[in-house]
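A.B. asks: Chains as they are written, first to last, in my numbering: chain A, 1 to 299; chain B, 1 to 291.
There may be inaccurate statements among the hints.
[To be verified] Derived coverage of chain B by chain A (criterion: at least 3 residues anywhere in the stretch with Cβ under 8 Å from a Cβ of chain A; other residues may be distant):
no., region
1, 12-23
2, 84-96
3, 129-142
Derived from the structure by calculation, the hints contain no laboratory data. No residue lacks a Cβ here, since even glycine has one placed at the ideal position from N, Cα and C.
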Amino acid sequence: MKVKQKFINRNSHWVLLSPYIILFCLFILIPVISAAVLSFTYFNAVQPPKFIGLKNYISLLTQDTVFMQKVLPNTIKYALIVGPGGYILSFIFAWMLAQIPKTPRTFIAILIYLPSMTSGVMMSTIWSIIFSGNQLGYLNSFLIEIGMITEPIQWLQSPEYLMTIVIIVALWSSMGVGFLAMLAGVLNVNEELYDAAYIDGVSNRFQEIIYVTIPSMKPQMLFGAVMAIVNTFTTSGLGVALAGSNPTPQYAAQLIVNHIEDYGFIRYEMGYAAAASVVLLIIVWIASRVSWSLFGEKD
Amino acid sequence: MSSLKSRRINPDKFHKSQLKFYAILIPVSAFMVLPILFIIFHAFKPIDELFAYPPRFFTTRPTLDNFKRLFTATTESNVPVSRYLFNSVVSTLFTVLFTLWVTASAGYVLSKKNFKGKDTLFTINTLALMFVPVAVSIPRFLVIVKLGLIDNFFAHILPLLAMPVGLFLVKQFIDQIPNSLIEAAKIDGASDYYILMKVIIPLIKPALSTVAILAFQTSWNSIESSAMFINDESLKTFAFYMNTLVSTTGNTVAGQGMAAAASLIMFLPNLILFIILQSRVMDTMMYSGLK
């Protein structure tokens, strides 16, 4: 008993760390590694995986017309608008909030943070009523009222509108943890720096932001960027949730995540879906590297 | 110098120059909050108002009918709604508690102990901040199958416990605690477990509150585990039930009201928790920077 006690005390850091490490390996590390391994196999979830080399990647890039023509362009468009867009908006709002007193700031900050608390399911309930395809939909009813349209529009089933709606909803819900971090960052910039900057010749708000605010809160800006990237790709199930079907009508809002689910859980081509997962992880990784080189401390 | 003072961030009181910010922030916050207000009103609308034309934003005769219908409704397999709600509450409670425990102890070790491999571990965790769970949903599913967790209640809890963002925030926060405090406790003969319980945890309550909110949101809103790992209808969660409600009955008259009522039940706990803990969240975020 004594020996055991001694062992537990001497190795306390491993005892305390092990639950996290075990769970981290099981549910994050092993899935990522097995995705990489599975991506080189043919696996239909019934028979054991069969090694086929790079074939999944080759067919993903050369034969999968849906992937190359719809999914990849959609994902790039979605990621480029929602990622940097949501990120720039969070910074602008955080900066503006820092310019007003505490009580209204807290109140407005909560309102802006609210949508990011809603889950995908809830978002689709809310927005599918607003964009409902018959005249009872709020948008249709409003547009008919003001005379812009005469016939209700099938917002969520028409390929030409669906992607735009998905992007609006994703932006609406993009002020998450990164936004809060940036708000704290702006508020904690040393005020003497501003005074010093004015003495050095900074003359307006814009210069103030570029030369003082952003450099002083680089760590928060980087954290915000990483969170924005992750948020962008985790909300990408929205198109399917709003349209109510996977694939979305004419693949209008089909993103890599939906493509993975389509192949993995509808067609049971797990190896192929894993290859798409690896492509997605690489995209996320590249995006994070880019933000790292923009905001990381170089030393 | 007076012109400098008026430009100051974090002002103490209202000044005319702030009007332009309000002019932008108030419409923006209205846009953010309108859809949510809308779901609140929708949940209390009687049937004729739900489908009134032109649709009405506010309800004139609020009623609890939608909630009553929601709670008396049973699914095809005769599972009452209260059962889903119970599952959600229990799994969320355990997820939050275990996440706090796991993150606090790992954060303490990574921040204050010295051992080989510590920096590597933290670097791996920082890389894992970029982890997008949906991207590897298939291998994750296979791991759950191999662990024999299919149709096990723990499938709701275990996959969510390792939270890279949580560990990151807690570790950064503990970094701010002076080492001398821990050394003093060590001289008094305290073990690491004692220091963690009596010194660290009381000091990092803001960071733990933030992790609690994040863990709560993830677990409470999660439909992944119910949809993929659980086949037994009586073990599924409220979020999943709501999802079926939206997709199968979303267009029927009764369904829309029920879905709105369910949405409100989904949303309110998130909101209340965040409002109670928001000042602590902001304290945590001060140390949230990545380098």
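A.B. asks: State the violated hints by number, sorted upward, taking the hints as numbered earlier in the document.
C.D. replies: 2
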